[in-house]
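*Asks:* In case you want the letters, here they are:
2 protein chains.
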Amino acid sequence: MGTTLVANGPAADTAPEPKYWQLRTVLVRALDTEFHAGEVLPNERDLSARFGVARATLRQALDQLELEGRLVRRRGIGTLVAAPRMGVPVVESTDHRFGTGRDSWRIVEAGFAPAPAAVAAALGVEADAPVHTVRRLRMMQGQAIGTEILYVPEATAPHVPGFLADSSRARSVLRTLQRLELDGESRAVELGVAEEEQARLLERPPGIPVLVVTARYRAEGRVAAVGVSTYRADTCRLTFGESGLVEVAPVVAAAPAEVRAAS
Amino acid sequence: MGTTLVANGPAADTAPEPKYWQLRTVLVRALDTEFHAGEVLPNERDLSARFGVARATLRQALDQLELEGRLVRRRGIGTLVAAPRMGVPVVESTDHRFGTGRDSWRIVEAGFAPAPAAVAAALGVEADAPVHTVRRLRMMQGQAIGTEILYVPEATAPHVPGFLADSSRARSVLRTLQRLELDGESRAVELGVAEEEQARLLERPPGIPVLVVTARYRAEGRVAAVGVSTYRADTCRLTFGESGLVEVAPVVAAAPAEVRAAS
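Residue numbers (the numbering used here), protein chains in the order written: chain A, 105 to 367; chain B, 105 to 367.
Take the hints with a grain of salt, since some may be wrong.
Since the list gives no way to pick out one identical chain from another, each pair is judged satisfied if it fits inside one copy or across any two copies.
[What the hints assert, rightly or not] Quick list of in silico lysine to any residue cross-link-like pairs, SDA-like style, CA-CA up to 20 Å:
(1) K123 / S152
(2) K123 / A269
(3) K123 / G311
(4) K123 / R149
(5) K123 / A217
(6) K123 / G266
(7) K123 / V157
(8) K123 / E230
(9) K123 / E300
(10) K123 / G345
(11) K123 / L268
Read the hints as simulated data drawn from the structure, not as lab findings. Remember, predicted model here, so these are calculated numbers, not experimental data.
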């Protein structure tokens, strides 16, 4: 038996919940039931009166919901209910893996320079050996939703010269990757924050939460490329596997409470 | 051609970086070069003197790094450099999918109640039809790193009666799932926050960032189960595909700057 039964889980942390968090929970329910995407919320004065909280508490709760991607603030308009997150397929079919035939990637720049030490190690190249790099921007519904940098060692693209201009290099490297027969690929997803460069490309302030996807592509028994992508965590839901199948995420917040209440 | 070349990406947002964010960048470099995991940082007074910033700015930067999982605060000890995130395999081999032969899952409770509306829709059952639920806790290195709730319709587990006690129900439902011949599975990963119940199980305060994984399992041409898992975003890196292959994520922060400088 690999499992054991724990009656009530580990001892509960009994620190009282902060006020803004209680308000957030109330607001989440209101967003789920009373409002629809794109709707403008009442102003802060009215909201704080309605919920009987101080403006500072209200703002903290609204900040939190903005961070979670439930609300969007627009200067001159106010606070809007955000659209549901976009489902972004992360593992693409072989044909589209490196951007062929799609208009959803834009090349931003390319280069030929040493990779960060850990990437070099993963690629099996010397720390100071230059590798091809291609930085791309992923577009969806007219928005920049993610950035990606591909690291491709010379061994993978031996016919791409080191002196090429950005645009030619990017096209040559991507064409080479598209033709690769991959043995396998693996990915890791974790939470990160947008650094300056990524934030600039995403047209958001630095520090916004992003989902960082690190991909390794294997061909001919070695790592042929490493890709590091960052997706806006407020607007993206990354999907793996059969596309269109996973559409239940927005209920996540409500699920545990309902189940407990009914069981 | 599916790609276009954008010289410098979209227009940069020229808002100045907040001071704490600049400090965070400096601290990240210091953590990468001067400190090792488990080491206790100098106290706040010394740190603010060293970096020439106000205590409030320092605290904001430390808060940010704690949120990112780079630092851990322990009462009576101080601020420690966090261990690297744990790689958590999300797609498990068929044998281990629902926890057989592993000691990494603990059953917390089980029930028989209507699922949240979106889950019911995904499962193809009526909104008020009860489904089996199993809540589990995922353990790694002695820590609770994630929670999961499985929703299993009666059609998938027709021989599990509705009146069973928690522990028997959980075992019966899991055994049924383990025997299923799956046609496919798909997942979505997105950023969420730990609600009260999840936070309690993870022994963390509500509101900490979590990676929410929604999984759909298909068998006999329909959705046989839906699982919603939440993993601590500060300590977990979710891995997909060949295990052990993806180990380059911690460099992500440094990568773009180095590439730009050298290209």
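*Asks:* Which earlier hints turn out false for this structure, listed by number in ascending order?
*Replies:* 2, 5, 6, 8, 10 and 11
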